[in-house]
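Work the whole structure out from these sequences, hints included.
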Amino acid sequence: MQCFWLPMSSQAMCYNQKKSFFCHINYINLHLSSLLSFNYQSQNMKKLLLIALVLTGLTAKAQYFHHLYGSANDDYSTSGVNITPINPLPVGHFQTGITFTCLPVNAATATYNDMNGNVGGGFFFENNYLFTSPAGNLVSPQGGSNAMALTTCGPTLGMSGFYLDPALPAGNNTAVYYMIVNAGGAPGPVFTYTPPPGFDIVSMGGVAQSQFLPGEWYLTGTVIDGAATRRAFALRINECTGAMAWGMIYDILAPVTQTTARDIAENQVPLFSPVAAAIVGEVVNNGNQDGFLLHIDGLTGMPAPHPVIIYGFPNTVDALWSIESAPQCPNYPPGFVLGGHTDVNGNQDFLVVRMDPLIAPFIMNTYDYSLAAGNDNRCYDAIQRINSACQCEFYAMGNVQNGVFGGFDIMVVKMDLFGASFVGDEFNYGGNGNDFGAKLDQRNLVLCGPPIPNFDGLSIFSTWGSLPNIGGNSDMMNIKAYYNGVSTAGGCNEILSTPVLLPGIPPMPQMPAVPFVNINPAGNIGAFSIPIQDMTLCFAPIIGGGNNARVAPVNTNKENEAMLVMPNPAQTGTKAVSVEYESTDAGTVDVAIYDMLGRQYYSGKAEVVKGKNKLPVDMSTTNMSAGTYSVRVTKNGEGKTILLMVE
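Its first residue numbered 11, the sequence shown is counted upward by one per residue in this note's numbering.
Hint data in this document are derived by calculation from the structure and do not stem from the laboratory.
EDC-like mimics (lysine to aspartate or glutamate), calculated; alpha carbons at most 20 Å apart, straight line:
(1) Lys585 with Asp628
(2) Lys622 with Glu648
(3) Lys615 with Asp595
(4) Lys645 with Asp600
(5) Lys622 with Asp600
(6) Lys622 with Glu590
(7) Lys622 with Glu592
Note that the coordinates shown come from a computational prediction; the quantities given were computed from them, not determined experimentally.
In structure tokens form, the structure reads like this:
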């Protein structure tokens with residue numbers, strides 16, 4: 011019996027190492043390009059042996075489905091992405107993960123399948139990949155892998171993660187890897203990037219493709235030093251050459267003692283440099299676990315001249331697991347969508363944030379599991395969609411413990427532009443074992459228009475730990491669903507319910523504690539370049555109850571109606587504006603105005619009565635220049651935000 015840390019859970023899980031794995035392997039020699047250290051001074055030549063274990067497949071035709079991919083061993087999904095017709099790869103789904111083999115090492119796992127979830131040959135494949143070091147040692151991928159849709163060197167895909175070399179001593183035996191995968195699944199060159207001596211990689215976070223630097227990718231993760239201190243790291247690489255532009259380890263100062271990076275995204279508004287990005291994860295801060303967001307310079311990797319943003323509450327366990335770039339939509343400016351979890355309400359609940367490019371939140375909500383209140387549920391990914399009504403809507407995905415299907419279940423919550431959910435907006439999927447959500451993606455070909463029938467929808471990349479299965483205790487699974495959560499005819503492994511929105515979330519802290527507002531680079535990451543069977547659980551080409559039109563019905567809940575601010579736009583020098591705000595009861599509200607950089611221009615309180623209120627806002631001393639501002643009204647921890655234009 012061996013134990014491992016499940017990538018999408020904070021709990022250690024155990025598995026029996028099975029001997030039924032197909033262990034006859036073919037060795038493929040790959041020649042290396044030159045060794046690249048961070049200062050590009052050494053030019054050593056090495057080579058890596060890469061082993062590809064091909065999984066066999068069965069096919070079934072469907073548009074909306076639950077489909078499994080795996081081997082006779084335990085296979086776990088950690089990432090996935092929809093593929094649009096590029097390079098010239100056909101439309102499909104690319105999903106990656108990890109397999110625990112009968113060998114002393116793990117295997118990286120990947121499948122590229124068509125719109126029906128099938129693997130029919132040609133460009134499509136389902137493989138395990140094993141690696142050996144330049145010295146000929148088998149090295150072991152750890153914690154899963156990330157799926158990467160390459161755009162400048164096709165027809166290829168990419169996958170990245172980190173590995174452990176058991177033949178080397180601790181402090182010098184881990185490295186990040188990035189592998190190009192050719193059409194049909196043949197392994198291409200594998201590039202690796204090592205931390206400086208004394209640091210070992212303990213986990214990899216997410217990846218992000220640059221929109222400003224074509225062909226460039228950001229990777230992030232966590233290292234640990236000899237004193238057991240964890241720090242976040244990030245690097246930027248080229249998808250075709252593997253060349254590293256920069257690599258950086260970040261040290262968030264006391265009172266933060268530990269940092270774990272979970273995800274990274276590029277900022278659509280380059281606030282501090284021509285290209286910017288942000289890292290999220292969790293820190294141990296004054297003995298508490300909090301979420302954090304760190305802005306960095308995308309050109310150099312250096313920390314941006316802005317404090318670390320802390321998401322957390324006293325004596326709670328809070329974390330951020332995902333960050334996605336959120337384009338401008340009719341309701342909000344460009345920014346980010348964050349996903350994570352918090353136990354501020356007593357148990358772990360989904361935490362979802364839609365924020366501006368810097369710090370100010372428009373939505374900051376928590377959601378409990380509706381089918382058994384009080385059970386722990388954790389969000390690991392959140393995305394924004396522009397629906398057929400041309401409005402923002404949001405989806406959050408993760409797991410719930412002790413779900414109604416049994417063990418862990420996959421849980422998805424959908425929200426309208428205000429963060430509100432309605433009947434049927436919680437999607438639960440699972441079987442009698444432990445099933446885990448990993449990554450969420452959307453296919454949304456017609457923005458602000460009618461969806462294409464039987465084509466648009468959600469891809470829920472996940473792990474199936476129930477029966478029936480391919481083999482072992484778990485397989486990778488892709489759930490293809492309509493935007494209303496319907497994925498199968500007759501409700502196969504599926505329950506739709508109503509999310510529980512919890513109150514009492516205070517505004518996000520505007521500044522971190524003074525002792526650790528600075529971030530110092532702690533080291534550089536060097537780089538050297540070196541060159542599964544499936545089955546269908548349930549499917550249906552068309553489902554009568556499926557609906558892609560929009561995420562939620564028209565919001566008739568007065569509590570969530572948009573506020574009004576008058577005049578809007580206001581002229582530069584305007585002395586006052588009036589905010590129309592509807593309250594469900596009497597009380598005190600906090601009113602604040604921020605610019606798009608998160609700077610606060612106004613703060614005040616007002617008394618409100620039940621019903622509609624007009625709140626005067628004195629702008630005579632704010633010195634607000636022309637631009638876009640957010641007006642936020644908060645009552646009992648619940649906030650509403652509206653944009654104010656100043657001309």
